[in-house]
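Enquirer: One line per chain: the protein sequences are A and B, in this order.
Note that my numbering gives residue 101 to position 101 of the first sequence, counting from 1, and the numbers run on in steps of one.
Note that my numbering gives residue 1105 to position 105 of the second sequence, counting from 1, and the numbers run on in steps of one.
Each hint should be verified, as a subset may be incorrect.
[As the list claims (entries may be wrong)] On the chain A side, residues computed to face chain B include the following (Cβ under 8 Å):
(1) GLY42
(2) LEU43
(3) GLY58
(4) TYR64
(5) ARG68
(6) PHE90
(7) GLU102
(8) LEU104
[Claimed, not checked] Straight-line Cα separation of at most 30 Å, DSS-like style, residue types lysine-lysine; simulated pairs:
(9) B:LYS1016 with B:LYS1102
(10) A:LYS103 with B:LYS1073
(11) B:LYS1016 with B:LYS1073
(12) B:LYS1112 with A:LYS14
(13) B:LYS1073 with B:LYS1102
(14) B:LYS1016 with A:LYS103
(15) A:LYS103 with A:LYS9
(16) B:LYS1070 with B:LYS1016
(17) B:LYS1016 with B:LYS1112
(18) B:LYS1003 with B:LYS1073
(19) B:LYS1003 with A:LYS103
(20) B:LYS1112 with A:LYS9
(21) B:LYS1112 with A:LYS103
(22) B:LYS1112 with B:LYS1003
(23) B:LYS1070 with B:LYS1112
(24) B:LYS1102 with B:LYS1003
(25) B:LYS1102 with A:LYS103
(26) B:LYS1102 with A:LYS9
(27) B:LYS1102 with B:LYS1070
(28) B:LYS1073 with B:LYS1112
No lab work stands behind these hints, which were simulated from the structure alone.
For clarity, every value in this text was computed on a predicted model and none was experimentally measured.
Glycine included, each C-beta is placed from N, C-alpha and C at the ideal position.
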Amino acid sequence: NAGVTQTPKFQVLKTGQSMTLQCAQDMNHEYMSWYRQDPGMGLRLIHYSVGAGITDQGEVPNGYNVSRSTTEDFPLRLLSAAPSQTSVYFCASRPGLGATNEKLFFGSGTQLSVL
Amino acid sequence: AQKITQTQPGMFVQEKEAVTLDCTYDTSDPSYGLFWYKQPSSGEMIFLIYQGSYDQQNATEGRYSLNFQKARKSANLVISASQLGDSAMYFCAMRGLSGTYKYIFGTGTRLKVLA
């Protein structure tokens, strides 16, 4: 069972470069989300999606774009990386609102450094 | 607005002893869900336990129990019979169940189990 798969696991960027963090899930989950984890700040929600074609902003959306063209994939784009975006990024998914299972399923994380 | 507060940045516990990790929350949602996740040094996020605000009994999962005190707005995690493998970062989280998909996480408590 693959669950939630994030790629890459590690990435180093130079300031101003762009890149896409990939997230895919094989559980047919309607909901997918991106978090960043910084020391002393816990996990903060960047963007989330409740289904294909539907996305919304979380607590810290600036500097990040998302789209959801399929149920399985939810990529996170950094258009012009900044050192402040150095962080560990987690993708998480769950079944839709109608499901009784409230649990979030997490990917293994992507460690991003912006120099 | 929703908020999760974990006031213990770090804690120590002797192996085989019980330990309580504190979590307080604030929300205007009439119904909500509360979670605890464990993050070992390897970095993955491991779901531990869930409590719905409407649940009459406190949730338990093996050695983990959630001490839910609605009037105090607290959702403390109790780990019984601590093991060395319990050394990790622990995050409390919440989701309001009125329709938003936004999960809010606390800043975490780092637990160290001593042999």
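Enquirer: Would you mind marking each hint as holding or not holding in the structure?
Expert: The hints, checked one at a time:
1. GLY42: With Cβ-Cβ at 4 Å, under 8 Å, it holds.
2. LEU43: 4 Å, holds
3. GLY58: Holds, about 6 Å.
4. TYR64: Violated: closest Cβ of chain B sits about 16 Å from TYR64 (chain A), beyond 8 Å.
5. ARG68: 13 Å, violated
6. PHE90: At 6 Å from the nearest chain B Cβ, PHE90 (chain A) passes the 8 Å test, so the hint holds.
7. GLU102: OK, holds: GLU102 (chain A) within 8 Å of chain B, min 5 Å.
8. LEU104: LEU104 (chain A) check passes; min Cβ-Cβ to chain B is 6 Å, inside 8 Å.
9. B:LYS1016 with B:LYS1102: 36 Å, violated
10. A:LYS103 with B:LYS1073: Measuring from Cα to Cα gives roughly 21 Å; hence the hint holds.
11. B:LYS1016 with B:LYS1073: 28 Å, holds
12. B:LYS1112 with A:LYS14: Measuring from Cα to Cα gives roughly 36 Å; hence the hint is violated.
13. B:LYS1073 with B:LYS1102: 19 Å, holds
14. B:LYS1016 with A:LYS103: 28 Å, holds
15. A:LYS103 with A:LYS9: 23 Å, holds
16. B:LYS1070 with B:LYS1016: 29 Å, holds
17. B:LYS1016 with B:LYS1112: Measuring from Cα to Cα gives roughly 12 Å; hence the hint holds.
18. B:LYS1003 with B:LYS1073: Between LYS1003 (chain B) and LYS1073 (chain B) the Cα gap is close to 11 Å, so the pair holds against 30 Å.
19. B:LYS1003 with A:LYS103: The given pair, whose Cα atoms are some 19 Å apart, holds under the 30 Å limit.
20. B:LYS1112 with A:LYS9: This hinted pair holds, its Cα atoms lying about 26 Å apart.
21. B:LYS1112 with A:LYS103: Satisfied, since the Cα-Cα distance of roughly 25 Å is no more than 30 Å.
22. B:LYS1112 with B:LYS1003: Since the Cα atoms of LYS1112 (chain B) and LYS1003 (chain B) sit roughly 26 Å apart, the hinted pair holds (cutoff 30 Å).
23. B:LYS1070 with B:LYS1112: 28 Å, holds
24. B:LYS1102 with B:LYS1003: 11 Å, holds
25. B:LYS1102 with A:LYS103: Roughly 13 Å between the alpha carbons, so the hint for LYS1102 (chain B) and LYS103 (chain A) holds.
26. B:LYS1102 with A:LYS9: Since the Cα atoms of LYS1102 (chain B) and LYS9 (chain A) sit roughly 25 Å apart, the hinted pair holds (cutoff 30 Å).
27. B:LYS1102 with B:LYS1070: 20 Å, holds
28. B:LYS1073 with B:LYS1112: 26 Å, holds
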